[in-house]
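Undergrad: One-letter residues, chain by chain:
There are 2 protein chains.
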Amino acid sequence: MQSYINQHKDRFIAELSDLLRIPSVSADSRHKEDVRRAAEFIRGKLRQAGADHTELCETAGHPIVYGEKMIGPDRPTVLVYGHYDVQPADPVNLWETPPFEPVIRQTRLHPDGAIFARGACDDKGQVYAHIKALEGLVAAGNLSCNVKFMIEGEEEVGSDNLGIFVRENKEKLKADVILISDTSILSNDTPSLESGLRGLSYVEVEVTGPNRDLHSGVYGGGVANPINVLCEMIASLKDADGHITIPGFYDEVVELSRAERDELAKASFDQEAYNQDLEIGDVAGEKGYTTPERTSIRPTLDVNGIWGGYTGEGAKTVLPSKACAKISMRLVPQQHPDQITELFKNHFQSIAPATVKVVVKPHHGGHPVVTPTDSVGFRAASQAFEEAWGKKPIPTRGGGSIPIVALFEKELGLKSVLMGFGLDSDAIHSPNEHFGIFNYLKGIETIALFYKHFADLQVK
Amino acid sequence: MQSYINQHKDRFIAELSDLLRIPSVSADSRHKEDVRRAAEFIRGKLRQAGADHTELCETAGHPIVYGEKMIGPDRPTVLVYGHYDVQPADPVNLWETPPFEPVIRQTRLHPDGAIFARGACDDKGQVYAHIKALEGLVAAGNLSCNVKFMIEGEEEVGSDNLGIFVRENKEKLKADVILISDTSILSNDTPSLESGLRGLSYVEVEVTGPNRDLHSGVYGGGVANPINVLCEMIASLKDADGHITIPGFYDEVVELSRAERDELAKASFDQEAYNQDLEIGDVAGEKGYTTPERTSIRPTLDVNGIWGGYTGEGAKTVLPSKACAKISMRLVPQQHPDQITELFKNHFQSIAPATVKVVVKPHHGGHPVVTPTDSVGFRAASQAFEEAWGKKPIPTRGGGSIPIVALFEKELGLKSVLMGFGLDSDAIHSPNEHFGIFNYLKGIETIALFYKHFADLQVK
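Chains A and B are the protein sequences, given in the same order.
The letter at position 49 of the first sequence is residue 240 when you use the working numbering, and the numbering goes up by one with no holes.
The letter at position 20 of the second sequence is residue 211 when you use the working numbering, and the numbering goes up by one with no holes.
Please keep in mind that the hints were generated in silico from the structure rather than gathered at the bench.
Errors might be hidden in some of the hints.
No distinction is drawn between identical chains; accordingly, a pair holds when it is met within one copy or between any pair of copies.
Said to hold, decoys possible - Derived DSSO-like pairs (lysine-lysine); straight-line CA-CA distance at most 30 Å: (1) 478 x 548; (2) 548 x 429; (3) 583 x 643; (4) 478 x 429; (5) 200 x 548; (6) 429 x 536.
As the structure is a prediction and not an experimental result, all values here were calculated from the model.
The task is simple: from the sequences and hints, build the whole structure.
TA: Structure follows, in structure tokens:
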């Protein structure tokens, strides 16, 4: 496999670049046609890689690409999930090169170069590694598993239609394990494997004061300003110890034992380097927990966006009618996203003063998940990493959410193996997103080895 | 004068509409040429009205229109000040008709119709009433004062260049009183005259956390979110009683005596109608003061704009690098805007946690002012109102700021008479700004009467 990768790597990079040029921003309706173009591209490449059946499955939103290569009913089946849609690229002005014009640049952590573009790491680069692994295995004639691909276009907007698709196609999606590359490793020297992921509850709030924008000189001091009120309400959502004040918020949280926390603490973490990388004077978070714990086994509340009043050039003395914010909460086992959203909504409305009206609109949510480290899938992935990277990967508990993973477990009865190849510093969801060329090529190799080990370990 | 107004009112309205069609937004550099067009328009109309000298005085920014009609060295001189620039029109989507396409519509408070356009009331309509008053008096041959016009194009952005112009042209601007129509009356049934105005301190703050936008799943809970931090900082600027917590903020505030407060309370005020008009469940403000007091004799702190993170369609799970806000404080005698800005800056930086960096950028400020009710100018204005409106105007203490008034007093040694004709509900600085046709025409009549009474009262 390594020699095949070496021989074709320039083409592998060129093809990924073609995919990255398509601005498949699922959240923005102006990019609807681009999203479809990305789906068509994926489908075509799956066919070229050797899939014997491919199709575009229409949904109420963006299409799902399905493809399969079946080698025999006696072989285990791996369902590969990924997404071809990407986050919006704004703020575009902070990109060093245009987000949809991929270029390769060296970075400190990627001395072999990294490909810079929106979606490079999340998730086009990682999805494309799977397609190239299939191509290599088919070309060499040593694919050891049946493979099904389900690549969606709505991961960044909540996967609502994928949920429907999964419920309606249980037979078609029958498999032994789900394999997902949409996460990261600790570093290129320290490969790691996610053994769990946080869930998500995401809401948008709107605070309305007076029925129109007012002159702050005429009304200021006498009428509650919805921006000030929103700030006060948000500030009250955490106490001085960084605990979230929503009643019932922690009720379902599974507290890890000292032994479990000690086990997680074995992954190396350099607080000083972390602060330097982010150029922050200090970290902040829930009292009594370390930074790795705060970002993995503990729930959070972050304002992801806020707006209100005059935000243009210069000064405008307006007392605005409205102020809005997008607020998300990362969840840990056994918090339920719908329940947390409901708790938030009730609490936020209860703390609103009589001077304003508050609307809380839920966006998509996602359940937290745990992947047992003793499962066949996790062990196969661990062996694949060890063989490809020369080191046994460290099991980690990820901070991000892949909401659909919990749904797979519920609807298909399958565990997911989260075998990601990005780095946390790859700036996914941020300007200058990138994916290491080393990680891309090593990912292809690791995926191919996963099939080998999974077929060996899986008792049919 | 009344018959002249009646005879020409259609033309008066048409000319004002022409002026309102020019989008002279001084804060927005894209409208630079429009601002100049408005200046040229004013200059031409002053000339047509009978000014015997007019000029466009260039500044480092937008030009100042100067014009004068001198009838004799034995006559008192009135310096008319106003501005032809306007506030930005955004949010444009909340306008019922386009902001720079004036239309006349009836409203509950303006049964004779009101002209809807950005700048209709603030301040083009009121400035234009002065030009038409001059025209009428010159046409009738009974102008009793020398008149000088100084109409600037930077009032909405701080009047910095007007300050320079005034300091450099003290001889040219010599007068006995300054007359300004840029404020409002209580209602068309209850004319009023401002005896004081609040000052202004305006700052923009930027809170920076990590050096780049982060994925809230990977970093959330471990890294301080600058939006959350900004909200906490803003929330801390007022205590539970609505007092501003900046140390020293109230040190120079002149507390009114019970008797003075009782005098101000004579102006009728209907709290119920006020709440209904704004559609608010309750008012809020500093404990121990009424709504009219909170909006006139007490200083304030309002967030005029806030922004940070993802504010587009859908959900983006970003932990942003930056969050910003525009914050203004209305000041009362004897608060000094520069001093208050400095107090704010020091306090805001002192309360910033080690997790973020804070930059505070001052915008323009303005001093609070008081116009004595026993001055010749105030008495002449009061008589003019009484004659034109059939009622003695109520002296009020305005909440808005005209920062330049304090500078006039300092540099020219002149008191300003604040003879405004708008209503508080005319939506200045808001979508759907308008100016009553009745107010416009009655304003012209009142201004003409002011000259008559001022000449009678002023001992040369």
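Undergrad: Evaluate each hint against the coordinates.
TA: Each hint, compared with the structure:
| no. | hint | in the structure |
| --- | --- | --- |
| 1 | 478 x 548 | between (33 Å within a copy, 22 Å between copies) |
| 2 | 548 x 429 | both (22 Å within a copy, 21 Å between copies) |
| 3 | 583 x 643 | within (17 Å within a copy, 96 Å between copies) |
| 4 | 478 x 429 | both (11 Å within a copy, 26 Å between copies) |
| 5 | 200 x 548 | neither (58 Å within a copy, 44 Å between copies) |
| 6 | 429 x 536 | both (15 Å within a copy, 25 Å between copies) |
Violation of the numbered hints given earlier is confined to hint 5; every other hint is satisfied by the structure.
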